[in-house]
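Residue numbers (numbering that gives the first Met the number 0), protein chains in the order written: chain D, 0 to 307; chain P, 0 to 312; chain V, 0 to 339.
Treat the hints with care, as some may be off.
Computed footprint of chain P on chain D; a stretch qualifies when at least three of its residues, placed anywhere within it, have a C-beta under 8 Å from a C-beta of chain P [to be verified]: (1) 31-41; (2) 151-159; (3) 262-276; (4) 282-288.
Keep in mind that the hints were calculated from the coordinates and are not lab data.
Glycine is no exception: its CB is placed at the ideal position from the N, C-alpha and C atoms.
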Amino acid sequence: MARMKMAGDALANDPFAAAFATQDIQGRSLWIDAWHRLLKNRAAVASGSTMFLMVLAVVFGPMLSPWAPDFTDWEHTASPPSLVNGHWFGTDAVGRDILVRTLEGGRISLLVGLVATLVSLVIGVSYGSVAGYYGGVTDRMMMRIVDIIYALPFMFFVILLMVVFGRHIILIFVAIGAVNWLDMARIVRGQTLGLKNTEFVEAAQACGVSDKAIIVRHIVPNLLGVVMVYVTLTIPHVILVESFLSFLGLGVQEPMSSWGALVNDGAQDMESSPWTLIFPATFLAVTLYCFNYIGDGMRDALDPKDRV
Amino acid sequence: MKQTGLGHHFASRLLSLVPTLLMLITIAFFLIRVAPGGPFDTEKPLPQEIRANLDAKYHLDEPLLQQYFRYMGQIVTLDFGPSYQYKDWTVNELIASGFPASLAIGGTAMLLAFVMGTLIGVIAAIRQNTAVDYSIMGMAMMGISIPNFVVAPLLILVLAVYAGWLPAGGWEWSFRHMLLPVITLALPVIAYIARLTRGSMIEVLHSNYIRTARAKGLPERIVLGRHAMKPALLPVISYMGPATAGLITGSVVIERIYSIPGLGSYFVQGALNRDYTLVMGVVIFYGVIIILMNFIVDMLYAWLNPKIRFDEG
Amino acid sequence: MSLLEVKNLQVSFATPEGEVHAVNGIDFAVSTGETLAIVGESGSGKSQLVMAIMGLLAQNGRASGQALFKGEDLLQKTPRELNKVRGSQIAMIFQDPMTSLNPYLTVEQQMTEVVMYHQKLGRHEAFEHAVEMLRAVRIPDAEERIHEYPHEYSGGMRQRVMIAMSLLCEPDLLIADEPTTALDVTVQAQITYLIGELRKKTRMAMILITHDLAVVAGISDRILVMYAGQMVESGTVEDIFYRAHHPYTRGLLASVPRLDRDASDDLQAIPGNPPNLLALPGGCCFRDRCTQAQEICSQPPPMWRDERGHRSRCVLEMPDGRVENDSAGEAGSAAEESAP
Chain D
0 MARMKMAGDA
10 LANDPFAAAF
20 ATQDIQGRSL
30 WIDAWHRLLK
40 NRAAVASGST
50 MFLMVLAVVF
60 GPMLSPWAPD
70 FTDWEHTASP
80 PSLVNGHWFG
90 TDAVGRDILV
100 RTLEGGRISL
110 LVGLVATLVS
120 LVIGVSYGSV
130 AGYYGGVTDR
140 MMMRIVDIIY
150 ALPFMFFVIL
160 LMVVFGRHII
170 LIFVAIGAVN
180 WLDMARIVRG
190 QTLGLKNTEF
200 VEAAQACGVS
210 DKAIIVRHIV
220 PNLLGVVMVY
230 VTLTIPHVIL
240 VESFLSFLGL
250 GVQEPMSSWG
260 ALVNDGAQDM
270 ESSPWTLIFP
280 ATFLAVTLYC
290 FNYIGDGMRD
300 ALDPKDRV
Chain P
0 MKQTGLGHHF
10 ASRLLSLVPT
20 LLMLITIAFF
30 LIRVAPGGPF
40 DTEKPLPQEI
50 RANLDAKYHL
60 DEPLLQQYFR
70 YMGQIVTLDF
80 GPSYQYKDWT
90 VNELIASGFP
100 ASLAIGGTAM
110 LLAFVMGTLI
120 GVIAAIRQNT
130 AVDYSIMGMA
140 MMGISIPNFV
150 VAPLLILVLA
160 VYAGWLPAGG
170 WEWSFRHMLL
180 PVITLALPVI
190 AYIARLTRGS
200 MIEVLHSNYI
210 RTARAKGLPE
220 RIVLGRHAMK
230 PALLPVISYM
240 GPATAGLITG
250 SVVIERIYSI
260 PGLGSYFVQG
270 ALNRDYTLVM
280 GVVIFYGVII
290 ILMNFIVDML
300 YAWLNPKIRF
310 DEG
Chain V
0 MSLLEVKNLQ
10 VSFATPEGEV
20 HAVNGIDFAV
30 STGETLAIVG
40 ESGSGKSQLV
50 MAIMGLLAQN
60 GRASGQALFK
70 GEDLLQKTPR
80 ELNKVRGSQI
90 AMIFQDPMTS
100 LNPYLTVEQQ
110 MTEVVMYHQK
120 LGRHEAFEHA
130 VEMLRAVRIP
140 DAEERIHEYP
150 HEYSGGMRQR
160 VMIAMSLLCE
170 PDLLIADEPT
180 TALDVTVQAQ
190 ITYLIGELRK
200 KTRMAMILIT
210 HDLAVVAGIS
220 DRILVMYAGQ
230 MVESGTVEDI
240 FYRAHHPYTR
250 GLLASVPRLD
260 RDASDDLQAI
270 PGNPPNLLAL
280 PGGCCFRDRC
290 TQAQEICSQP
300 PPMWRDERGH
310 RSRCVLEMPD
320 GRVENDSAGE
330 AGSAAEESAP
């Protein structure tokens, strides 16, 4: 149904959509279609592969390393990157191995990214879909609240939360997640509202398709794409917020460490040993870069507007 | 003509500022007051009497609700009270001493971001799917992805420490001292605005009314400047609200890295020291700026968009 | 000499899926004061044909062949040269008046800029001229309403504004791309009538693009029927309506509701879909849907013409017609001969 509508739309303003319309009818499904388009996006594929390697590295890397993250190698303090002494990324001022610390910090950063995004996903999707589904006064009240909260300087509240309740990792998940659900709620609400009134849903209703089938077949799949794209774009944002907090010394606490905290440490010693800054900074930047490209690629792949 | 639409819009948005402000103050107040430990908790407990005197002086012995209303009353008169940590300073004085530097850097960064961002975005849109477009967008993605607390130390390392062209930090009212903080702060915003502008410009350039303008035989300069620019800039205008919030947040870390005695540094210091009044003062002060900026942006958007200008009347 | 003479015009689009051939060798000519209707279904390439002439193809589009306007080839002109012709000598109105006017500029701003740029009129004169033109298309309170934005006008009114705007510089040729398709049925008749009436007052030539044969009958002199980017038949209104030769044209006519026909005659839809423009089959492009298709239709069909210039591309024998040219691609001289 959705595909037919798009083909129809395209026909109206696209002179040669007819050519594609026939292909669509023969039925590459939306998801397979999107997947093929994503695979054609070289930046997204490269980013996806890089992230896959990154995840493997931070999960298994520390196990394979000869050094423990908090082991202090007094024989090689502030050592530059070296293959000879086994500290490939060098060591910091107290002789801790930068490579294993970077990988270990990546675990925390990625974990925060994942969990806090899930928190925002759960809050945002339930809030947004309820507002969109019930509509009317409920919707207006709920969205008004979102508007109000939206106008608040939220980063400051996260900082306050961290200061007030102590820097516990669970709190980081919750605090960051609680800040980021607003966009998700707005997007999901808008989508639900829009989908309720589309021709293909109305047509399905007119044909006597049950509500449940409409939701399962038409609303959810259409919602899923946008939510997936948004989740992909929220992860780097969340990682960034956590690094920001850790950089200010308000994030994860020793002995735990994250990329933000490592960048902070590295920035202190950058004049004497720049490698302590450069390696964690590169890992962080590459991760954010890749997630953004994957999210962009997914959006392009799922957005039928940009098909030609 | 039917300008009532804009007036009505203005009044209703102005009214909606009140609950936002109330919420801002309330959340900030209670968040801090439920915190375990107070400003006078030190390693060695203070003698009972001194503690009681201090609490009485700052009204910390009153019931919470009473403190809340007392604080509200104070805020209405724009008085943020004395700082708990900087003994001889009121919060108002601290804000007044820190804000000029923050404003100078933040305001310049905002201006730079708007001008550079839209310019770069338009160029990329006009050259869509060429090498120029791809390289601009690749760099913009880097600008968005690399956090400014990573960019800042790297810039210092290269331009200040190795090359020695610019000061590594500290604050003076000079171009040399402002250059690095402003650039670092503006970079991600430039990148975001460039992407935003490019996207909306491409959409506008594909619209039917641009085709009409071309069919009328108008030169490209008029097609772009007169017909495409305004609609293409609308999304950028509405981003200026969130951009302000982003710049203010960014300034916290930038001021710390470049050792600039601005509001952001005070905030972090105050947060670490549990200086209630200072932290609340800064949060409310910045909150009000963000809320006002959102309001201005909202009005500007409505004014630029004839549909809103008239329809809501 | 004809005002506009199009020779072997081809338009193609580069897409990720391959080269889409939207227009494949079209020839026609329009003389001063004449109205040519180009008829075809969605995707037949009729819009892209005129977009190519106007230099308005999308970035991935390419046009080849010739479009001689007053003897000069429009396809060879740079955008700067083209701007001296567009809007002043050739004007265009589009299908969707809701989106074809700039929503961010007042009607005044959008109208005056045309004459201020092309005829170098001052602001005041330009304003007077614009108001006068709005009156001519019967916008009530024109001198007041000209200050309004397009969204304050109804759909029909907006199309009137578009028409007024296109006529500002008294063009020699007006191209109307489905000018009534997006409008309500009652408004359609008004706009069609208005266009016909304004045409009579001027010596302006017009190319009317439509998929609606009913619109065509009243106001055009000649009709060109397009299918899959090719001309399948062209001739006078009488030729097409009473002596239609090509099976596709006859199919189109059978699908138009008519009052003079018995209600028991069912409207006939043409079965099937237009061919894939990515890979056009050789031979007659209509043969997959044609009820009279034969083995020979896989060969390029002959071009028939009679002495009055009625042309048709089909193997079926045309009464009074003779075969002039047997290949679809290389048409060249046909245009000149067919001009009345």
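Each hint, compared with the structure:
1. 31-41: violated (count 0)
2. 151-159: holds (count 8)
3. 262-276: n = 8 at 8 Å, threshold three: holds.
4. 282-288: holds (count 4)
Going through the hint list in order, the structure does not satisfy hint 1, though it satisfies all others.
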